[in-house]
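4 protein chains.
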Amino acid sequence: MSKGTVVLAYSGGLDTSCILVWLKEQGYDVIAFLVGSPDTPFSSWQVFIEDLRAEFVEHFIWPAVQANAVYEDRYLLGTSLARPCISRSLVDVARREKAHFISHGATGKGNDQVRFELTSYALYPEVKIIAPWRIPEFYNRFKGRLDLMEYAEKHGIPVPVTPKAPWSMDANLMHISYESGILEDPKSHAPVDLYLMTKNPEEAPNAPDVLEITFRKGVPVKVTNLKDATSKDAALDIFLYLNEIGGRHGVGRIDIVENRFIGMKSRGIYETPGGTILLQAHLDIETFTMDKEVRRIKQGLSVKFSELVYNGFWYSPECDFVRHCIQKSQENVEGTVQLSVFKGQVYLLGRESPKSLYNEELVSMDKQGDYDPCDASGFIRINAVRLREYHRLQGLSSPKN
Amino acid sequence: MSKGTVVLAYSGGLDTSCILVWLKEQGYDVIAFLVGSPDTPFSSWQVFIEDLRAEFVEHFIWPAVQANAVYEDRYLLGTSLARPCISRSLVDVARREKAHFISHGATGKGNDQVRFELTSYALYPEVKIIAPWRIPEFYNRFKGRLDLMEYAEKHGIPVPVTPKAPWSMDANLMHISYESGILEDPKSHAPVDLYLMTKNPEEAPNAPDVLEITFRKGVPVKVTNLKDATSKDAALDIFLYLNEIGGRHGVGRIDIVENRFIGMKSRGIYETPGGTILLQAHLDIETFTMDKEVRRIKQGLSVKFSELVYNGFWYSPECDFVRHCIQKSQENVEGTVQLSVFKGQVYLLGRESPKSLYNEELVSMDKQGDYDPCDASGFIRINAVRLREYHRLQGLSSPKN
Amino acid sequence: MSKGTVVLAYSGGLDTSCILVWLKEQGYDVIAFLVGSPDTPFSSWQVFIEDLRAEFVEHFIWPAVQANAVYEDRYLLGTSLARPCISRSLVDVARREKAHFISHGATGKGNDQVRFELTSYALYPEVKIIAPWRIPEFYNRFKGRLDLMEYAEKHGIPVPVTPKAPWSMDANLMHISYESGILEDPKSHAPVDLYLMTKNPEEAPNAPDVLEITFRKGVPVKVTNLKDATSKDAALDIFLYLNEIGGRHGVGRIDIVENRFIGMKSRGIYETPGGTILLQAHLDIETFTMDKEVRRIKQGLSVKFSELVYNGFWYSPECDFVRHCIQKSQENVEGTVQLSVFKGQVYLLGRESPKSLYNEELVSMDKQGDYDPCDASGFIRINAVRLREYHRLQGLSSPKN
Amino acid sequence: MSKGTVVLAYSGGLDTSCILVWLKEQGYDVIAFLVGSPDTPFSSWQVFIEDLRAEFVEHFIWPAVQANAVYEDRYLLGTSLARPCISRSLVDVARREKAHFISHGATGKGNDQVRFELTSYALYPEVKIIAPWRIPEFYNRFKGRLDLMEYAEKHGIPVPVTPKAPWSMDANLMHISYESGILEDPKSHAPVDLYLMTKNPEEAPNAPDVLEITFRKGVPVKVTNLKDATSKDAALDIFLYLNEIGGRHGVGRIDIVENRFIGMKSRGIYETPGGTILLQAHLDIETFTMDKEVRRIKQGLSVKFSELVYNGFWYSPECDFVRHCIQKSQENVEGTVQLSVFKGQVYLLGRESPKSLYNEELVSMDKQGDYDPCDASGFIRINAVRLREYHRLQGLSSPKN
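Residue numbers (the UniProt record's numbering), protein chains in the order written: chain Y, 1 to 401; chain P, 1 to 401; chain R, 1 to 401; chain X, 1 to 401.
Here chain Y stands alone, though its shape is the one from the complex (with noise of 0.2 Å):
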């Protein structure tokens, strides 16, 4: 007699097909749900196997650079940004379903596991959700790899047989982190064959590439690379391109420590490179297109989207509200910048836009434009009115003067 469905969020690794596997043992049937493309043979499961990447560029990733989103002032939140893409259609398999139960291998320390459970909850209320790994029958049972590996080998569940790298690794479209492992020590440098998605910047390509990316509504439309005319204009295939010449030229690839929402600090590698493109590309033509003091005031709501998304409240009214007054902010930001990319860095070269509120004859300092120099004075003046008088208060109750 079945204790009732699961949908576990199933990546194809160890640990989550062990974690099916035991999740049968313990009486439920279990449905496991795996997003992209499997290579592995699923003979005796049911899988369902999404592909979310249109869809999570278009509504997560895009929504991102339109905030212009950056954790703790380095990090570009790609494990953050898919987490709630994939729990959304997680969620929706299970209702389909009528499953009661959502599982995942998130570990108990990390900010995987809020995330997913935040957005089960936050979309199907009701359900209940198995976290083996902060089961102590679970975790008690499997203590290492080495545990994991015995109780595949025994259930028939394929061993990988690379041996594993000494860290954890997490890779989607957006990007691939690193953590755990010998990179907890946070003065150990990471090894150079580590990262996957980018090249070493010190073997990237001695000549730059120029990408000319246009934006409209404050997301990239069209993306044409200068030096062989290569063009793309849809959203998925723009990310992708990005991602590719971003990689070829080694951009993106941070080593930091952040703050998990749990209350740890941790140490984390990334690399973003397509995110990274963007992120200087969108800054350049948001702040020649946006009013001055609408940007501080989006400023201020991005910091507040970045930490919402870090601690896994994508589903959540507050991140739907600042997610609307951000889109809200973005209805003039079109145009179209120019930018190199070369040895890990991206280079700003230039903008234009039919929106920009940059005028050329009221800046230049050869034109006197619509513009009265003396009117500065009295502005100058004005300002200083507050000043002046803190210096008499200071004066009045120092007694040096």
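Hint data in this document are derived by calculation from the structure and do not stem from the laboratory. Hints may be right or wrong, so weigh each one.
No copy is singled out in the list; a pair is fine if it fits within one copy or between any two copies.
As the list claims (entries may be wrong) - EDC-like mimics (lysine to aspartate or glutamate), calculated; alpha carbons at most 20 Å apart, straight line:
1) K367 to D92
2) K164 to D51
3) K128 to D233
4) K304 to E72
5) K187 to D209
6) K217 to D320
7) K217 to D228
8) K304 to E360
With chain Y fixed as given, assemble chains P, R and X onto it according to the hints.
Below, chains P, R and X alone, put in the same frame as chain Y:
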């Protein structure tokens, strides 16, 4: 009969040389105030020359490093930081010499006029400012460079023999900025030979330099080059050395459109080699040693600080206040980072600190540490209370459910 | 030969009457623009009289209610909200009449000049402003009230017969403000007979009125007095009725020192009866129906909104943006509050809403609801992870441990 | 054999009395920790009784006064401030007595459990918490008040003879809060006889009391009643006296729905007589003496402070940091305000200060002071630069122009 004494912020260039003579023509006694070591002979004028370099580094750049000060996500404030440093010294001279007037050669459309004058009013409320580029008799007489050169020749002012670059430039210890002229077209690329402080990354060395920078209370106290064991530990020496290394590897070039305080957008090109290295290094050691929530609050204060500095409010009660708060946040920002500098980019490699809040055992995937993974279930479920309630509301209020 | 046409914001008082004649003297054609219904005969001038009351309530006061707009924690922005409403209408007349000039009687030290003119420049960028109180020929000629009265008599302008109160006053539908004159001494108490819109609480009725106010999308759509069943449901009627009830009970008097945009502190006394009731009522229904975290973000936007309105930036891209965001936040702010009004105070008594996020079962001490108290243990322990780490750091770094 | 020693936050009421006995039953040695002066005899237990009143006022209420601390625009944090004060003392006892456990009677749905425990973990990281209302064996055994009373009788615990009010109540020096029971229905009005600390405004005296309160560094150092010359200048005496006067006039009653940290909305009724007077008085003297822009930054920090205190993070690095910054801002907050207290309301009448930034001559309508009104023209025009540019953009991009 003199109209009084003017202290002029004198750069040695054509503009301020002409202003100097013009002020005398108008009946003022003029004291030239010059920062740095001059090459020009100053036979007939009273000149004060100040070497403010150590003060600039310790009292202006270091607080900016503590703040991770960046204006509009990109500009490191090289000019903005120099202005209050110069103006404070200018005011000292004016007070000492009992001059009632201060003059400068800043234009009427820029930020520098504001920065010079707000500092002057804040520190010397009774002072009168003479800003020739905002006085019709002056700017109508000197409509272009030719007028200035003619005037200079007539008055025996040494005229620069090299042709002027088709842009204007402002250099100080921290950076060089380029703007105006051909750069006013925001889509035109900067000429390759524009940069003076940094090498073209394409021509930079093919091997990185690896630096170790040690911080105490959020400011660098030592830098060592691991390649050749070069080491510096005085503030000015550290900064000069980082400029040298950053410059050699082409670090810190940006091409941006920014929002001036007076409400126009302008295009600026900057190179800030040492400052860029320090920003990355400080961000890293700060995140490593500072509590997450303190960092969040401090991040908001830093955005404010950067705006204040950009807008010329260094000497204001609010900037005093914010600097104090930021400084307080830096008490435990101590430790050493290793980074490599290569082809325009700075890569963090590792960090260590006696004050770190990073706990390797706590975060380890292989050890449990003082952490019960079961706690995370409750944490997530309580965080979900609100999200589930919101879902209920949406269900109730939406006809489709 | 006319210098052109001026539209003058005309109040019917001595100042603007004199300005009107003076502008004619200077050679302008003058159109007087008057808000409200005039009692003075306007034989010889061209006059536009506009009843802007409904527009003021619906397009200016209602957004302020949605925002809980309060400047510096106390001032409800009665004058600040009226200015853009009047100016927008003034600009309409100027455009329609092809007038190139706008004039007003606001002083050179106040906020109103800024509010009038920023609105005018924003909506009619080519307009020229004539602000007589900032023109030396005008203000040197009219140094005091006597000069104005003499001028008025000479030019047949009706001179007020009642002696002027020893303070100045500005009244509109939302509030009356009092300042200047004897009120400039910040420690002097306001005279008891100063207030015109609200009764002295000491003389207010000894029994409260109890009101029921219904909101939809964050604005009141109905008010009912439970004592006598009086009920209003048109925007203007609702606001007038709340003014009546609030006024009767002495609600909404404040005596404050505030910070003007131009950097001086000024002392102002305000009475805002209806606005004060609505602020309390809206705060209540908003907290009842809005998610906590949305509220937090919106609270920050409201502070910004209040500053923008106070400083005269109603018609600005950032105020448009903030208004849009705040409005978005109000979609579910719906329901009914009951409150009593008594002796200067508003007491919330109860509230109900079909969109409430309050869940009586969930919060009940007597029922468990869908809540497991054990979850709280994990929630607290995870929140403590960071605090315990910090304690460890303090222990390590302090010599006393 | 004892399981170890527990320090129990003991209130003397039925709940904690039963918890005390139950803990002994479970095999613990129990130390009761009681704040205030007890009336009950404690024959058989070890009891610590602490008078924390002066500490509460000086180290918890005063910082809240400096901050103008208000949660969600209305709640003055009476309970939130008391909790860390009590818990810190509780931890002291636990450390001194080498107790490894702390216990309390707070429920599993409220904020107090979080506040008690976060303080305990922050100051005593190794402590174990016993929260019986979150332990199934406890809460399943004591399902209602009757179970507790039966248990009490069986164990010789004195049972309250007066029937319990149909709500729960928490009283301390600063306020009384009422919630639960019949108050859980958010539309039901609070009973007239609920309030214990403040008189019903309808029955309050018909003449105001007029107080003069003097502040130094943002905290009250003296209060004088101008009616009878009563005067207090010790912290605790000042606060008690303000409670007396505020209570007499029915000041500080609110009825709100608030957002608990754990994500539910709850209805609470509070009376905070002295705190409400101090909030108004401090707001006034602060605005009078603090620079406008410092105030703005401090206002943001205060919102943060209030959230932190409400959520139980008094003892956290970020609350330390914010308290330090707020305290810094108070250096010049000095002076005297006069106010009247009448029928539930506080009216500011006047203020004076040796550190005021208010400049009567500067702001006067009758004197020019050191102010040139012409400056305002330039100030406004420069502020309009951006608005006019935006208008241009809108004109270009909109087909209707």
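Do the hints match the structure? See the list:
In this homomeric assembly, K367 and D92 never come within 20 Å of each other (Cα to Cα): the closest approach is 61 Å inside a single copy and 32 Å across copies. In this assembly of identical chains, K164 and D51 lie within 20 Å of each other by CA distance neither inside one copy nor across copies; the values are 26 Å within and 59 Å between. Taking the shortest Cα distances, K128 and D233 never come within 20 Å of each other, neither inside one copy (41 Å) nor across copies (47 Å). In this assembly of identical chains, K304 and E72 lie within 20 Å of each other by CA distance both inside one copy and across copies; the values are 11 Å within and 16 Å between.
Only between protomers do K187 and D209 lie at most 20 Å apart by alpha-carbon distance; the minimum there is 18 Å, versus 34 Å within a single protomer. Within a single copy, K217 and D320 get their C-alpha atoms as close as 18 Å, and across copies as close as 17 Å, so both meet the 20 Å cut-off. In this homomeric assembly, K217 and D228 never come within 20 Å of each other (Cα to Cα): the closest approach is 27 Å inside a single copy and 50 Å across copies. Taking identical chains as interchangeable, the C-alpha atoms of K304 and E360 are never at most 20 Å apart, the minima being 34 Å within one chain and 28 Å between chains.
Of the hints listed earlier, those the structure fails to meet are numbers 1, 2, 3, 7, 8, in rising order.
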